[in-house]
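Novice: Sequence:
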Amino acid sequence: MTTLSTQQINNYHRDGFILVENAVPPDVLAQLQSVTNDLIDKSRNVSTNNDVYDLDKGHSSTHPRLNRIKTPHDVHPIYKDYLRSDALVDLIKPLLGENIRMNNSKLNAKAAQGGAPVEWHQDWSFYPHTNDDLLAIGVMLSDIGEEDGPLQMIPGSHKEPVLSHFNNGVYCGAINPEDKAARLEDAVSVTGKAGSLSIHHVRTTHGSAPNMGENPRLLLLYELSAADAWPISGALSVFTGMNQQELWDYFQNNMVCGEQSLVPRLTDVPVVMPLPPPGDASSIFQTQSSGGAKSAFAVKNAS
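Residue numbering for the sequence shown follows the working numbering, beginning at 143 and increasing consecutively.
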C-alpha cells in the first residue's frame, strides 16, 4: 500500500503540492473508470446543466462534452468508498491528522480538443474556514500529459498572500493573470499516468489550460479538511443556506475518518468573503464565466 515518504510530506509543506504515482489500487481504478465512463455516456440524454452535469460548449447526444460531473460521491457509491479506503486515508492522515471531513467532491471531465480551461485561482477564496488545514486530492482516472490541460501549480504560493479573485467588484473565482504577485511564470505542470494523484494545499495557486488532447481529461477531486476547520458562513460553498441540523447531518455523513470536532480551531488566516457573488455560482466554470474573469488561456483556447 502506498504511503507518503518523509520527503513527500516535506515537499507538500514546502511547495504546497505533491504528486503521488501509482496510488490507486488497479482494481479500484478500473471500477472508478468504468463508472465514470458510464456517467459520461448517460450525459447523452442531457441537454442543459443540472444537479449532476456541467456541460461544455458543443455537448450533444452524439458527442458528449462535459466540464464536470458534480458531487460524484452522491451519484455513485464507488467514489465515496474509495475516499474512505485505507489506500487513500493512510495517505492523507500525515497531512490533516486523525479526524478528516470531506467538504465536497467533483469530477472534472475536461472534454477532448478544446475542453474548457480553469482559470488561475486559490481554493481558499471560495470557502474560507477557521483555519487552513484543508487540501484537495486530484485522482487521475486517465493518463494526463501536457497536451491534456493538466493541473498547474505555483510552488510556495500557499505561504503567500491570498490574491484578489474579484472583477469590477464582483467575485469571479479567478486571479487576474496580469497580477505579477501570482508568479504565473513559475507554474509547474502536474502530469502522470492513470492511478496517480496530486495533493494540493487550499491556498496553492493553480489552474489548467484547455484540453487539446484526443481524449477527455478525467480528474476526480476531493476537497478535504481537518475536522476542527469550520466553514465561515456566507462563502460560496455547499454549506450556504443549510440550517443547523442540515449542516450537522452533512458533516456527519461526510466524515472520512475520526470524529467531527465541536471546537473550531481558530488561527490567524487571511479571509476575504466571496461576495457579492456572480450571476451563476453553480460551478467554478460558471463562476468564472458569469463573473467576467480575465482568461490566462484565451490565446491558447483560440488556437
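Any given hint could turn out to be false.
[Stated by the list, open to error] Using 30 angstroms as the maximum straight-line C-alpha spacing, the simulated DSSO-like pairs for lysine-lysine come out as follows:
(1) Lys-335 to Lys-301
(2) Lys-212 to Lys-235
(3) Lys-222 to Lys-322
(4) Lys-235 to Lys-222
(5) Lys-301 to Lys-235
Since the hints were made in silico from the structure, they are not lab data.
Novice: Take the hints in turn and mark each one as holding or not.
Specialist: Hint check:
Distance restraint check for Lys-335 and Lys-301: the Cα-Cα separation of roughly 29 angstroms lies within the 30 angstroms cut-off, and the hinted pair is therefore satisfied. In summary, the hint linking Lys-212 to Lys-235 is supported, as the alpha carbons are separated by about 25 angstroms, within the 30 angstroms threshold. A C-alpha spacing of about 39 angstroms is found between Lys-222 and Lys-322, which places the hinted pair above 30 angstroms, so the restraint is violated. Of the pairs offered as hints, the one joining Lys-235 and Lys-222 holds, with about 17 angstroms between alpha carbons and a cut-off of 30 angstroms not exceeded.
A distance of roughly 21 angstroms separates the Cα atoms of Lys-301 and Lys-235; the hinted pair therefore holds under the 30 angstroms criterion.
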